[in-house]
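Here the protein sequences come in this chain order: S and X.
Here numbering that gives the first Met the number 0 is used: the first residue of the first sequence is 0, the next is one more, and so on.
Here numbering that gives the first Met the number 0 is used: the first residue of the second sequence is 0, the next is one more, and so on.
Take the hints with a grain of salt, since some may be wrong.
Stated by the list, open to error - Here are the computed lysine to aspartate or glutamate pairs in the EDC-like style, where the Cα-Cα straight-line distance is at most 16 Å:
(1) X:44 <-> X:14
(2) S:164 <-> X:105
(3) X:164 <-> S:105
(4) S:5 <-> S:287
(5) X:164 <-> S:106
(6) S:164 <-> X:106
The hints are simulated quantities; they were obtained by calculation from the structure and are not laboratory data.
Given the structure is predicted, the values throughout are model-derived calculations rather than measurements.
There are 2 protein chains.
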Amino acid sequence: MPFNDKIAEAERRVERWLTAELARHSAAPERLLAAMRHASLGGGKRFRPFLVIACAGVFGVAPEAARGAAVALELVHGYSLVHDDLPAMDNDALRRGQPTVWKAFDEWTAILAGDALLTLAFEVLADPAAAPDPNVRTALVLALARAAGAAGMVGGQCLDLEAEKLGTPARPTVGHIARLQAMKTGALIACACECGAILGRADKGQRMALERYGKTLGLAFQISDDLLDAQGDAAVVGKAVAKDAAAGKATWVALLGIDGARRKLVETEAEAIAAIAQFGAAAAVLEEAARFLSRREK
Amino acid sequence: MPFNDKIAEAERRVERWLTAELARHSAAPERLLAAMRHASLGGGKRFRPFLVIACAGVFGVAPEAARGAAVALELVHGYSLVHDDLPAMDNDALRRGQPTVWKAFDEWTAILAGDALLTLAFEVLADPAAAPDPNVRTALVLALARAAGAAGMVGGQCLDLEAEKLGTPARPTVGHIARLQAMKTGALIACACECGAILGRADKGQRMALERYGKTLGLAFQISDDLLDAQGDAAVVGKAVAKDAAAGKATWVALLGIDGARRKLVETEAEAIAAIAQFGAAAAVLEEAARFLSRREK
Numbered sequence: 000m001p002f003n004d005k006i007a008e009a010e011r012r013v014e015r016w017l018t019a020e021l022a023r024h025s026a027a028p029e030r031l032l033a034a035m036r037h038a039s040l041g042g043g044k045r046f047r048p049f050l051v052i053a054c055a056g057v058f059g060v061a062p063e064a065a066r067g068a069a070v071a072l073e074l075v076h077g078y079s080l081v082h083d084d085l086p087a088m089d090n091d092a093l094r095r096g097q098p099t100v101w102k103a104f105d106e107w108t109a110i111l112a113g114d115a116l117l118t119l120a121f122e123v124l125a126d127p128a129a130a131p132d133p134n135v136r137t138a139l140v141l142a143l144a145r146a147a148g149a150a151g152m153v154g155g156q157c158l159d160l161e162a163e164k165l166g167t168p169a170r171p172t173v174g175h176i177a178r179l180q181a182m183k184t185g186a187l188i189a190c191a192c193e194c195g196a197i198l199g200r201a202d203k204g205q206r207m208a209l210e211r212y213g214k215t216l217g218l219a220f221q222i223s224d225d226l227l228d229a230q231g232d233a234a235v236v237g238k239a240v241a242k243d244a245a246a247g248k249a250t251w252v253a254l255l256g257i258d259g260a261r262r263k264l265v266e267t268e269a270e271a272i273a274a275i276a277q278f279g280a281a282a283a284v285l286e287e288a289a290r291f292l293s294r295r296e297k
Numbered sequence: 000m001p002f003n004d005k006i007a008e009a010e011r012r013v014e015r016w017l018t019a020e021l022a023r024h025s026a027a028p029e030r031l032l033a034a035m036r037h038a039s040l041g042g043g044k045r046f047r048p049f050l051v052i053a054c055a056g057v058f059g060v061a062p063e064a065a066r067g068a069a070v071a072l073e074l075v076h077g078y079s080l081v082h083d084d085l086p087a088m089d090n091d092a093l094r095r096g097q098p099t100v101w102k103a104f105d106e107w108t109a110i111l112a113g114d115a116l117l118t119l120a121f122e123v124l125a126d127p128a129a130a131p132d133p134n135v136r137t138a139l140v141l142a143l144a145r146a147a148g149a150a151g152m153v154g155g156q157c158l159d160l161e162a163e164k165l166g167t168p169a170r171p172t173v174g175h176i177a178r179l180q181a182m183k184t185g186a187l188i189a190c191a192c193e194c195g196a197i198l199g200r201a202d203k204g205q206r207m208a209l210e211r212y213g214k215t216l217g218l219a220f221q222i223s224d225d226l227l228d229a230q231g232d233a234a235v236v237g238k239a240v241a242k243d244a245a246a247g248k249a250t251w252v253a254l255l256g257i258d259g260a261r262r263k264l265v266e267t268e269a270e271a272i273a274a275i276a277q278f279g280a281a282a283a284v285l286e287e288a289a290r291f292l293s294r295r296e297k
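Here chain S stands alone, though its shape is the one from the complex:
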């Protein structure tokens, strides 16, 4: 099956799972549920759940058995976009070619919908349906909370906004942007891979290899995002482009130039592939995923 079809299959599966998950919560106010659906359904690359499924698959775990973790990762990703888009943060009106949640509803609904999506992610992981063994479930909760929290995704968004709104640090170094992005984007992508390893009852070395793969992949993802922002077509990308440069953000393109960023992307792709060499043919789809990032157009 071509890689694009594998991604499309994961997209359909995750859409179906998220639809079912959000339909279970009829005790919640309808406005809140509508905002949560707006944030979660009808689009998105579903890259994180794809990685959960693919990494669990390295150990022979079936996609259905990775369902809870895949859904949780996408719920957290969705919440982070809802909050990041708020006027007080990135002030984005367009996402996946649609109005963002605060545009479609209002700010308070968007804040609450994000809060509810984040909380739901942990409800899903703690539910016995996510994994029969409670040790696996607590390991998933712990991995996700660490990756999404103050020392991970939320911390990275804080560093990003400190740079943009407060101008600190005055001259961001490559080291600073690498740390920022490792937290903001890399941590959750690495967590997706780690969750696959946890579900697969990987040994320590295997889990570390998949985490390293995820971290490197996260970096490749961010570099390709920066390249898309600098060169992409808004109609294809589905959101505003050339926004980072306008905001004076310290992107890989700003630091290294287009050619430098492209070279770094190719190097990073090779590193990601090297990290999973030990798994051989079982990790073929992960190798394809790494190669895919340097070719993506949206």
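For chain S, the structure is supplied; the task is to place chain X on it using the hints.
Just chain X, lined up with the frame of chain S:
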């Protein structure tokens, strides 16, 4: 020991625990940590952690063994206040006699600090330090996520803001306000009691009794809050008063009048006490807690 001293002891203990918990996260940006500390330390009645400790104590669980759950409940309570105070929500500048987080920092920092506190709560619960048995930890995570999420606390805040900002429903009934507050305030207070029961390995009947106690106590808490808002002194309460009436909120006082609300508070107190009759002397402190609410001045 007089009840006020027991509450004061829990306050000191929880302050110490929260300080230690927030000091562990040095990998997070300092601005974010400062906002999280501002939100969590230096005040608050610590009523939810007090209930976790007290309910666990019914089963002979020592306060130190309830530490993780107590801290998690207070982190979630703290996050909810940070987000509720935002300009897009309740637009409050003062909390516990101090500037709210968005006033002391800014809106984006407050949104992120709330997100990070919520996420940290689940990290704390999933950590083996919260309880050695993974079954207990996942039960705690599940209980907290359900209570704090779309069908619980966040859903209640949504109903509250729908009433205030959108004027729906046009004529709130007693049933509507009871549902709203059961979600917004009651769910987390009931969860605190439930977590105590989980830590104490309560049987189903015991757990349900403590949940019922918590729900009733949550209602009493809200009625007393409404009475304080209607009659309290801002200098004693430590936040703006008479705000609910000004905002046209459907409070118990607005629905039943001062005397009616006082009567309902007394009835509710009796119901809470009846719910824990089966525990006898082991639940004496819970009985005191219920009586305390109808006498509190802040």
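Status of the hints after comparison with the structure:
1. Distance restraint check for residue 44 of chain X and residue 14 of chain X: the Cα-Cα separation of roughly 10 Å lies within the 16 Å cut-off, and the hinted pair is therefore satisfied.
2. As the CA atoms of residue 164 of chain S and residue 105 of chain X are separated by approximately 11 Å, the hinted pair is consistent with the 16 Å bound.
3. Between the alpha carbons of residue 164 of chain X and residue 105 of chain S the distance comes to roughly 11 Å, so the proposed pair stays at or under 16 Å and holds.
4. For a cut-off of 16 Å, the pair hint linking residue 5 of chain S to residue 287 of chain S stands: about 10 Å separates their Cα positions.
5. Between the alpha carbons of residue 164 of chain X and residue 106 of chain S the distance comes to roughly 12 Å, so the proposed pair stays at or under 16 Å and holds.
6. For the hint linking residue 164 of chain S to residue 106 of chain X, the alpha-carbon distance of about 12 Å falls within 16 Å, and the restraint holds.
Every hint, counting from the list given before, is met by this structure.
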